[in-house]
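Trainee: Take a look at the letters that make up each chain.
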Amino acid sequence: MESRAITLESEHDIVVARGEVRAMAVALGFRLIDQTRLATVASELARNIVKYAGRGQVIAQPARHADGREGLRLIFEDSGGGIPNIEAAMRDGFSTGRGLGQGLPGSRRLAHEFEIESSAERGTRVTVVRWI
Amino acid sequence: MPSSTKTQISGRVVELLSARRDEILNIWIKERLESEDFRDELISKHELRQQSQQIVEMLARALQESDGSDFDHPSFDELRGFLNEISRQRAVKGYTPSENATYILSLRNVVLPILAEDFEGDTVTLVREMDHFTRLLDRMGLVMVENFIRSREEIIRQQRADMLELSTPVIKVWDKILTLPIIGTLDSRRAQMMTEALLQRIVDTGSTVAILDITGVRTMDTLVANHLIKTVTAARLMGARCILTGVSPSIAQTMVQLGIDLTEITTRAQMSDGIRLALEMIGRKVVSAAALSHLRANGATPPAQKTEQTKSES
Amino acid sequence: MNGSQRIPILKVGRVLVVPVQVDMDDQTVIGLQERILSELERTGARGVLIDISLLEMVDSFIGRMLSDIAAMARIMDARTVVVGIQPAVAITLVELGLELRGVDTVLNVDEGIKLLRAEFGAYGADDDEDDEFQGEWHSFGESRHHA
Ligand SMILES: Nc1ncnc2c1ncn2[C@@H]1O[C@H](COP(=O)(O)OP(=O)(O)O)[C@@H](O)[C@H]1O
Ligand SMILES: [Mg+2]
Chain A
1 MESRAITLES EHDIVVARGE VRAMAVALGF RLIDQTRLAT VASELARNIV
51 KYAGRGQVIA QPARHADGRE GLRLIFEDSG GGIPNIEAAM RDGFSTGRGL
101 GQGLPGSRRL AHEFEIESSA ERGTRVTVVR WI
Chain B
1001 MPSSTKTQIS GRVVELLSAR RDEILNIWIK ERLESEDFRD ELISKHELRQ
1051 QSQQIVEMLA RALQESDGSD FDHPSFDELR GFLNEISRQR AVKGYTPSEN
1101 ATYILSLRNV VLPILAEDFE GDTVTLVREM DHFTRLLDRM GLVMVENFIR
1151 SREEIIRQQR ADMLELSTPV IKVWDKILTL PIIGTLDSRR AQMMTEALLQ
1201 RIVDTGSTVA ILDITGVRTM DTLVANHLIK TVTAARLMGA RCILTGVSPS
1251 IAQTMVQLGI DLTEITTRAQ MSDGIRLALE MIGRKVVSAA ALSHLRANGA
1301 TPPAQKTEQT KSES
Chain C
2001 MNGSQRIPIL KVGRVLVVPV QVDMDDQTVI GLQERILSEL ERTGARGVLI
2051 DISLLEMVDS FIGRMLSDIA AMARIMDART VVVGIQPAVA ITLVELGLEL
2101 RGVDTVLNVD EGIKLLRAEF GAYGADDDED DEFQGEWHSF GESRHHA
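Residue numbers (my numbering), protein chains in the order written: chain A, 1 to 132; chain B, 1001 to 1314; chain C, 2001 to 2147.
Certain hints may be false.
[Stated by the list, open to error] Here are the simulated SDA-like pairs of lysine to any residue, each with C-alpha atoms no more than 20 Å apart in a straight line: (1) LYS1230(B) to ASP92(A); (2) LYS1230(B) to ARG2101(C); (3) LYS1230(B) to ASP2104(C); (4) LYS2114(C) to ARG1108(B); (5) LYS51(A) to ASP2104(C); (6) LYS1030(B) to ARG1108(B); (7) LYS2114(C) to LYS1230(B); (8) LYS51(A) to GLY2063(C).
Don't read these hints as lab results, they were simulated from the structure.
Remember, predicted model here, so these are calculated numbers, not experimental data.
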């Protein structure tokens, strides 16, 4: 299966991103519950880009685990202003934008692998993987 | 002019494999049947012969179409696919990994003497051909082993899934009331399956109360407790209330020590208390037959029965 | 005019019934919230029944709308009931960290109407006599709801 890159710059792109991610999860054979987890992660992290960085993209690519399992990797990247305090941003309920503050910590729980890098110069990149 | 440093198999070996196919096969099969590995309950002689013949023929074909130096070459696709299929079958049948690998590797002992015979006098070529052929067989053995292990893992995963399903019995005890007796050790996977099974049954049966009975749970830890809380919360989001029953004093103690907050979860000591509470929650009450007839005598006949009576009269 | 106009708000008795059947973008979510509140004010309805059984995903934005509607409706003396959260959505919500505290959730529309009726008689004064027994007396056999 091909990787897909989806541009994120408007609220509508959030809907597109979660739809595309779900479709890929379906095609890869994820169960309904995992499709839902992945679509929700896509919605949360895509919204963060549109809301806090203005624009960016998500790359969705099939992945394979060392033990042979298939999976889906989502890379959310932007070149916005970055997150000054990642540790705080990863806490439940922390928000600088009057949100619920569950997007980042919730996405970490919904994925099997979660990585976040952020700096004022290079923006933010969040990578998540869920295995089948 | 073919370079002599490359790992490649000469046309002569290919010719040998075709010309002396039956001889090779006979020796190979005889060797197999006599070896300790052979278990005739797993494969019939006839089947063994067929498989072996196909391997030798496919090998000869692949070598004809390529120089045999590259096992990943498309000419080996057919052989690779066949080896994969054999390994899978063997994994299903219950062969051991070594039985599976020895089968292919034993072809070496059969072919090498024939090579020696044919290349007599040309030791340099013989050694080179033997080396190449051995390497090729090693690659074939590797394919067998890899796929055997992969198939076995798949089988184990499937068996585990079957067992998980059996071990999470969600039982409907009354209209709108489900029970889930949790027995044994809850690992994270099993706990997850349990939650999903329960929630699906809630939808399917339209149940609004679920009783989680942990009488059969031996050890309580944070993982199990968190899963219980997660299940209760998810059920609540769907519109069903959970009652936790069968909490032994020692498990209650552990929970408190672990700092697990169960104040939001309704608990009852016995499953029977849980069922009574569940009935109340759906607006029913267990009363004795005597009390019921007393109620009836006083004229408090339920409307449902009123209608039934009119029906039977008409 | 925004995307939320595609989502109907039906008045049934004293209840607003809102069947959400499309994947909503954020503007639609905000628009829907505003429309529900202004309908509550306009009609004086006492209950809001939001049916999200067809939603395949509820993220923190939609979750927040549900909590906000419930809180605001309460101030307007109306009760909000969210209907039909699917198992996969429920598990995902819990893992995301949203428990929708303060929001009443029910399995299906029947249960929702029952809950609101217990609260104030969902369909107003036209409840028939038989309905008054609802929830007070049940036989021991099968359910007789909607018999
Ligand atoms: N891509 C991003 N660029 C800049 N800041 C971000 C980004 N993503 C998240 N943040 C910061 O991290 C905080 C927490 O994000 P999140 O957990 O999604 O909660 P919320 O979006 O509700 O605030 C945000 O309030 C914001 O300050
Ligand atoms: Mg966010």
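Trainee: Could you run down the list of hints and mark each one as holding or not?
Mentor: So, going through the hints one by one against the coordinates:
1. Between the alpha carbons of LYS1230(B) and ASP92(A) the distance comes to roughly 16 Å, so the proposed pair stays at or under 20 Å and holds.
2. Between LYS1230(B) and ARG2101(C) the alpha-carbon distance is near 14 Å, which keeps this suggested pair within the 20 Å criterion.
3. The hinted pair formed by LYS1230(B) and ASP2104(C) meets the criterion: a straight-line CA distance of about 18 Å does not exceed 20 Å.
4. About 78 Å separates the Cα atoms of LYS2114(C) and ARG1108(B), which puts this hinted pair outside 20 Å; it is violated.
5. Between LYS51(A) and ASP2104(C), the direct Cα distance comes to roughly 30 Å. Violation of the 20 Å bound is thereby established for this hinted pair.
6. The suggested pairing of LYS1030(B) with ARG1108(B) holds, with an alpha-carbon distance near 14 Å, which does not exceed 20 Å.
7. For the suggested pair LYS2114(C) and LYS1230(B), the alpha carbons sit about 27 Å apart, so the restraint of at most 20 Å is broken.
8. Only pairs whose Cα atoms come within 20 Å are accepted, and LYS51(A) paired with GLY2063(C) is accepted, the gap being roughly 17 Å.
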